[in-house]
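Asks: Make the full structure from the sequences, and use the hints.
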Amino acid sequence: MNAATLSILLLLSAGLFATGFFGLLARRAILFQLISLELMLAGPALGFIAGGAYHGGQTGQAMFVLILILAAAEVALGLALYLALRRVADVEDADTITRLRH
Amino acid sequence: MLSPYLLLLLVPSPPLAAFLMLGLDPFFLRRRAVQVLALLGGVAPFFVMLPLAAVCFGGECHGVVPVFTLAFGQSEVALALLLDPMSTLVGLTVAAVGAMVITYAIDYMSDAGVADLRRFFALMNLFLAAMLTMVLAGDTITFFFGWELMGLCSFFLIAYNTGLPQAVAAGRKAFIITRFADAFLLAGLLLLFLEANSVRLDVLIPAGATMTEDRHLVIALLLLAGALGKSAQVPFHTWLPSAMAGPTPVSALLHSATMVAAGAFMLARFSPIVMSEPLVQAIAAAFGVGTAAFGALSAIFQTDVKRLLAYSSISQIGFMVLAVGLGAPEVAIGHFVVHAMFKSLLFLAAGDITHGSDLGTSMKAMRGAARRRPVAYVAYVAGAASLAGVPFITAGWWSKEAVLSAAWNTGPFGIAIWALAFLTAICTAVYAFRPVLEALLPEPEHRSRAPHGHPLALNLHHRARIGSGFITVPLVVLATGSMLGGVMVAPIISFLGAEVPHAPHLPALLAAMAPFAGLIGAAALTFVPSLAAAVEGAHDMRRPTRLDHKFQIWVIEPYIRLIRWLSRDRRPRDADLDFERQVRLIRWLSRGARMDGVYQALVVRPFVNLVRWLSGHRGGGVDPVGSAPVALALRLTQAVVGPLAHDRFDRFWMRSANRLVRIWVMARAIQTGRSRDYALGLALGTAALLVIAWGTTWN
Amino acid sequence: MSGLLALWCAAVALACAVLAVTRPVIVHALIWLVAALLSLAACFFALGASFAGAVQVLIYAGAIVAVFVFVVMSVDTSAEARGRERERLATGWRRPAAAVILVAVPLVAGLGVGGPALVAPQGTAQGSLGALLFGPWALAIEVASGLLLAALMGARHLGRRGAGE
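Chains as they are written, first to last, in this note's numbering: chain A, 112 to 213; chain B, 67 to 765; chain C, 2 to 166.
These are calculated hints, taken from the structure and not from any lab test. Check each hint, because a few of them may be wrong.
As the list claims (entries may be wrong) - Which chain B residues face chain A? A few, computed with CB under 10 Å, are given here:
(1) V131
(2) A137
(3) S141
(4) A144
(5) S741
(6) R742
A virtual CB, placed ideally from N, CA and C, is assigned to each residue, including glycine.
Replies: The structure is reproduced here in structure tokens:
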């Protein structure tokens, strides 16, 4: 792999992150936001793997494992929160949950 | 393969484990179990530090234990623990004092409810773990983590008596002021990282010492500001005396070896960066000696033992900052070690004597101590002698003498500093011996609740001893250390790679006389009734600063008189109201000139208001931050265009006032409570950060 | 060759991701998410990170999406809800897009400028991943496992019926 490939891969990973981020901001349904968060985490993961492959070390994959753990924890909590909100208040639109402000 | 330095990981772990078990464990623990856990967590670090210190004193004293390393490009993020002479000495001191204080607290707090006990010991252990982490940190991230964690714990511990509004307020004050100063430290550390491309201290500090002029100055100033805030030096000193609202063991831990001393330790740690900048050095020396003098002077006039000791801490840490400013960080560490011992001893002994007294922690509660609590009284005398620096037989003399000699040897500028420090030493002896002599007075006949007593101690604790050993052993150990520790000062300083500074005979002799002069002064203040009454009545001196009183006399009163004269002269009749308003304004200003008030007004109040306003808090009165510009504009409108009635100017001003209202409403609308909007805010912040990073570093 | 393959797979992943965040129906979005994650896994394989690729398939595309599917089963997918989603997206995409561009431009510009010069590639991977994870990074893994445990406990607590209702 050469430096140009790495640059393009990094651009693509930034694109993945930006896409997920767009989804997070644009979608109002909580499930869509969770999917977007997954994509936001996948972007940096690609960046780490690409960098690791370029530098020939294992650090990239190791960081990937950490990101994976983070994603798993995030999904578990996010879905649990979603279900709890559905049960308590029958909410699926993130914008209607504003009571924490008070 | 396994290096002995791996033990370093075990130093902060036991208190951390104790915190987890006491603080997060959902199961019910019995009182005895809580005490055992707390004791284990508090004492274990000392026994882990001992073999490490033995290795270190044996000569092999540079060990790094990497915890997590991530290299990207030319920069690296490396979390590590570091064992070098400085961290060994300070770590050993902190572990020893922490062990003593927690042992003492087992007895002292034995009458608290189980839930409170768990909370207290969980936080004490977390606090100890944070301090040890900070001391042993090998990189700035771990260092800052420990530093901040300590700040957080101090907030919870100072506000331990959550039922008392003033305890909560004191905790909040300490938290906000130290956080304010921590921002400087964080900025300094981040700039250092950009400079050195590494967070490891052994890379960062040499790189920081050799960087270019202008950045160097900025970074050194930022670090200094951070240290002054944490160490409660003037002008950040106001949080420390109010922090005495916490229980005595908290004060003993926070204000001797940890928290406030952390700033001095940080300065010593980063001293290669601070010392290569003469201006910053001079500022540090000036602030140090100024704070030392101010603290000692204020301490003389305190009528509450704990507040006296609080000012004493401010003053003694001023000596450490002074030593760093004089280019002798090794001497500062020496004083740190000695101060940690005698100051915790003083707090513990005073706490033991006044514990459960109807008079709270006021000076009168010390009376009759020699009969009531002989061990504690003897320990207190030892600590006071060490604090005052009685020559040769106390540890305090050796370390203070080293600081004074370092000042004397710095040249003409240094002699001025020496003179001020010498006067401070006399004051130190005066306030150190005052409680000692007070204790010789007979106990007051009928004990009634003293109005000046510390309300926290008033009847909140009643003695329920579980074994006097828990109190006596720490006192005896610390007293021995405070007396005999003097022989360690010279080895400590040479161990850190410097020589003990020696002054000529004359200043040394003078300095040796200081404690005796102070003793005479203290005796005069205690036994001569008129002087004692004068101290009792000197309420002004007990205010956070004395300056505002002078300010009142010299500036404000003449001004008031001038206005009175002018207004009488010109407009005899309806000027009165106007005049009254001005007088009130000036009075208000003069009150605000107190540092405490200034902080309350500048930092604490706006912060609280900002939070309230941003969170859409709608209770109570109007919010001053939001309505101030509106009120200002309205006031301006009335004042400027009131006479001009309804013309174009009027309308213009009115419109601008209305526009301000609209801006205010818009600003309020930012806080929607919707997670997407906050994500948007995060995005904008990230974008700004990226632009800054792109502009500054990625070139 | 493997570089080109990796680029192709990553590009496909990006396209799938764009589709995933713009579909009005949750099931479709989820399928596109799976597609994006699987193409990322292929990209990882092409880059020689076979462990990451395998884990990506197993945990990301497998376990995590499976959890999603369980939740999705209870979601309203009527034509009305679909229309509402479509309308929400059609009206409110401009500001998020602007914000994303605001973040992406300096990010990409920084990438383009380069930062510290790239060191030359050092060939194939050296050392084993396990030795890194359970050697020098052991503490990080411990912290991460603590995070997982906390998430587990939190999810269990939130999922409990009858608590605080």
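Asks: Against which earlier hints does the structure fall short, listed by number upward?
Replies: 1, 3, 4
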